[in-house]
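Listed in order, the protein sequences are those of chains A and B. For the record, in the first sequence the residue sitting at position 72 is 72 according to this note's numbering, with numbers rising by one throughout. Every number in this note's numbering is 1000 more than the matching position in the second sequence, counting from 1.
FYI, nobody ran anything at the bench for these hints, they're computed from the structure. Backbone N, C-alpha and C define an ideal beta-carbon position, used for all residues, glycine too. Check before you lean on any hint, since a few could be wrong.
Dumping the calculated PhoX-like pairs for lysine-lysine here, alpha-carbon to alpha-carbon at most 25 Å [stated by the list, open to error]:
no., chain 1, residue 1, chain 2, residue 2
1, A, K78, A, K112
2, B, K1055, B, K1020
3, A, K78, B, K1041
4, B, K1041, B, K1014
5, B, K1041, B, K1020
6, A, K112, B, K1041
Here are some chain B residues pointing at chain A (derived, C-beta under 8 Å) [stated by the list, open to error]:
no., residue
7, F1034
8, S1043
9, L1044
10, L1046
11, T1049
12, F1091
13, I1093
14, S1095
15, Y1107
16, F1109
17, G1112
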Amino acid sequence: AQTVTQSQPEMSVQEAETVTLSCTYDTSESDYYLFWYKQPPSRQMILVIRQEAYKQQNATENRFSVNFQKAAKSFSLKISDSQLGDAAMYFCAYRRTLMDMRFGAGTRLTVKP
Amino acid sequence: GAVVSQHPSWVICKSGTSVKIECRSLDFQATTMFWYRQFPKQSLMLMATSNEGSKATYEQGVEKDKFLINHASLTLSTLTVTSAHPEDSSFYICSARDMLTGRDYGYTFGSGTRLTVV
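Start from the sequences and build out the full structure, keeping to the hints where you can.
Written as structure tokens, this is what we have:
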């Protein structure tokens, strides 16, 4: 079974600083996708960034980047220049091709002004 | 981009009644729809997977007779909570598979439904 572990229930960062959210996963598959989703108080799931396992290059989306370590099964999210609007729950997720998505327990990020 | 419209956004119902939640893919064909449940301060847990024209596949521990899923068309899937009880109060969210040029591209989430059973 595939499992996703987020070991940080809560994280806090000062505005304009950088924060890294951790995620590890367990799988025996070689072809899969990894995601970070943001869930604000509205509870809408917002895709932050996606990584295909076959790609060695780490994905980047503006201030968001990942550190994908396939051998270590690690997928951390780095948020640079943190903004107040980044405050939310962040979920790491794993998915095999054409299969359902499995989520970690989430990390609540607080951004201090 | 792909949009999934989920309705209602919130609903309050009396214990023992049934509630239907709809998810519609607005600009793509959702061959597969996933239904999740999220309790307060918890993660999303998969309840069931539905493929258009087929019976839904339920996760272990999810009562298929209580949570009826219909996926009769490529743009509409419904979840009906039958004989709802207060313990069914939760946030329900759907996710549709968005096929792009034949390659599995990404999944799109609905905006969720907050169900409160009183």
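Going down the list of hints, with the structure as the test:
no. : hint               : verdict
1   : A/K78 to A/K112    : holds, 17 Å
2   : B/K1055 to B/K1020 : holds, 17 Å
3   : A/K78 to B/K1041   : holds, 23 Å
4   : B/K1041 to B/K1014 : holds, 24 Å
5   : B/K1041 to B/K1020 : holds, 24 Å
6   : A/K112 to B/K1041  : holds, 21 Å
7   : F1034              : holds, 5 Å
8   : S1043              : holds, 5 Å
9   : L1044              : holds, 5 Å
10  : L1046              : holds, 5 Å
11  : T1049              : holds, 6 Å
12  : F1091              : holds, 6 Å
13  : I1093              : holds, 7 Å
14  : S1095              : holds, 7 Å
15  : Y1107              : holds, 6 Å
16  : F1109              : holds, 4 Å
17  : G1112              : holds, 5 Å
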